[in-house]
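Undergrad: With the numbering used here applied, the sequence shown corresponds to residues 1 to 117, in that order.
To be clear, the hints were calculated from the coordinates, so they are not data collected in a lab.
Glycine included, each C-beta is placed from N, C-alpha and C at the ideal position.
Honestly, I wouldn't trust all of these hints.
What the hints assert, rightly or not - Simulated restraints, written as ranges between beta carbons of each label pair:
#, residue 1, residue 2, range
1, W51, E14, 49 to 55 Å
2, A11, H48, 53 to 59 Å
3, S8, Q45, 44 to 50 Å
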Amino acid sequence: MSNVSVASLLAQEEVVDFQQIYINNYCYLAAAALIFYEYIVTFSQEVHVIWGARLTTVTVIFAINRYMLMVEGISLALNVVWWHTPLLRCCQHIEQGDKCCSSGCDSKLFRIPHICY
1 MSNVSVASLL AQEEVVDFQQ IYINNYCYLA AAALIFYEYI VTFSQEVHVI WGARLTTVTV
61 IFAINRYMLM VEGISLALNV VWWHTPLLRC CQHIEQGDKC CSSGCDSKLF RIPHICY
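The whole structure should be built from the sequences, with the hints applied where relevant.
TA: Written out as structure tokens, the structure reads:
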């Protein structure tokens, strides 16, 4: 085995992790785009067929299914943009059991020593 340090192996793993995050984010955005596209394309049919009909169990189930999918699309899009705050990163490290020190994390705020983001 070559003289590869543990730090360089960890750095390589982090690069792979970040690449996977970018791939996941693009997949989230692609899925959200498909959901929005499908909604826009079929909206006129929905207005004609569903909104013009009387309220039945079938129309309620259709509406719930359709709008929950829209909520999922919004959630996928916001997952890429919004949810990566310092508090969330700190919580993710806590959840994973990471113990690292950095001036970036205010451990007094969270009352948990040796946690960083």
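Undergrad: All hints are to be evaluated individually against the structure, with a verdict given for each.
TA: Here is what the structure says about each hint:
no. : hint                   : in the structure
1   : W51 to E14: 49 to 55 Å : 51 Å, holds
2   : A11 to H48: 53 to 59 Å : 57 Å, holds
3   : S8 to Q45: 44 to 50 Å  : 57 Å, violated
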